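As you go down the protein sequences, you meet chains A and B in turn. According to the numbering used here, the first sequence is numbered sequentially starting from 1. According to the numbering used here, the second sequence is numbered sequentially starting from 1.
Quick caveat, the hints were computed from the structure, so don't treat them as lab data. As the structure is a prediction and not an experimental result, all values here were calculated from the model.
Restricting the straight-line Cα-Cα distance to at most 30 angstroms, the calculated cross-link-like pairs of lysine-lysine (DSS-like) are:
| no. | chain 1 | residue 1 | chain 2 | residue 2 |
| --- | --- | --- | --- | --- |
| 1 | A | Lys65 | B | Lys28 |
| 2 | A | Lys60 | B | Lys50 |
| 3 | A | Lys14 | B | Lys91 |
| 4 | B | Lys61 | A | Lys60 |
| 5 | B | Lys65 | A | Lys28 |
| 6 | A | Lys78 | A | Lys28 |
| 7 | A | Lys65 | A | Lys78 |
| 8 | B | Lys28 | B | Lys78 |
| 9 | B | Lys61 | A | Lys50 |
| 10 | B | Lys50 | A | Lys61 |
| 11 | B | Lys14 | A | Lys18 |
| 12 | A | Lys28 | B | Lys114 |
| 13 | B | Lys18 | A | Lys18 |
| 14 | A | Lys60 | B | Lys28 |
| 15 | A | Lys78 | B | Lys65 |
| 16 | A | Lys18 | B | Lys91 |
| 17 | A | Lys28 | B | Lys60 |
| 18 | A | Lys65 | B | Lys61 |
| 19 | A | Lys78 | B | Lys114 |
| 20 | B | Lys91 | A | Lys28 |
| 21 | B | Lys114 | B | Lys14 |
| 22 | B | Lys65 | A | Lys50 |
| 23 | A | Lys114 | B | Lys28 |
| 24 | A | Lys14 | B | Lys18 |
| 25 | B | Lys60 | A | Lys61 |
| 26 | A | Lys50 | B | Lys50 |
| 27 | B | Lys14 | A | Lys91 |
2 protein chains.
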Amino acid sequence: MNPQWDIIGSEGFKFMGKMNASISHEIKNVLAIINENAGLLEDFMLMVEKGVPLDSERLKKLADKIQSQIQRADRIVKNMNTFAHSVDKTKGNVELGELLSFMTVLSQRLAAMKELTFSVVPPPDPITITTHPF
Amino acid sequence: MNPQWDIIGSEGFKFMGKMNASISHEIKNVLAIINENAGLLEDFMLMVEKGVPLDSERLKKLADKIQSQIQRADRIVKNMNTFAHSVDKTKGNVELGELLSFMTVLSQRLAAMKELTFSVVPPPDPITITTHPF
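Okay, chain A solo, but in the shape it has when bound (with noise of 0.2 angstroms):
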């Protein structure tokens, strides 16, 4: 029996429910600007059908806005994939200054929603311990 699991048990799984929460949200919104994108091609190809000419500057604009959105959403899974990971180990070597860091990364959304901005200095020298991380 490990009675840890009476503490962070509850809490625990409401802190990733929200986390995963917020990642989920942060990815819709890219979704959406991505889409946004599309749609805009769409009508391009409409006006080009009808005649008009093609402005290939703004279409250019087009396909670089929704690759630096595929960018963005990469990194958000990229970030959420490392949570994920950390949870289904159970026991691992965790350096403090990197998990602040990555903490800090996963809660921005969260903390914007509140007008808080985050900031880690973290430590000059690496400090690993044998830990749960989440």
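Given the coordinates of chain A, assemble chain B onto it according to the supplied hints.
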């Protein structure tokens, strides 16, 4: 003290990690396809700049592809959000047929990787219990 946490604590965290990791891989796959299409769009633009006439039919197909992938991503993110919010609640009314269907959708990718498919026959009448769904 709630002795259940000793049983579900560690396994529950692993389960959540595994499901969220799987969701993140699904989203990553969708993003990769969108990115590929955005790359093709840029290639088109380069060709147009070099004087190749624009194939508006192909460009329209490309926009369609991006939008259908966005819809796919939206569905995944919606499930992710439902999953996240179902664990940040402690207890609630759960309809077992609904929960089973939802779990089937969530597990599809992991099952497909093992060449398995699930099909759910929900109970004819709703069966509602009060529990912690995950």
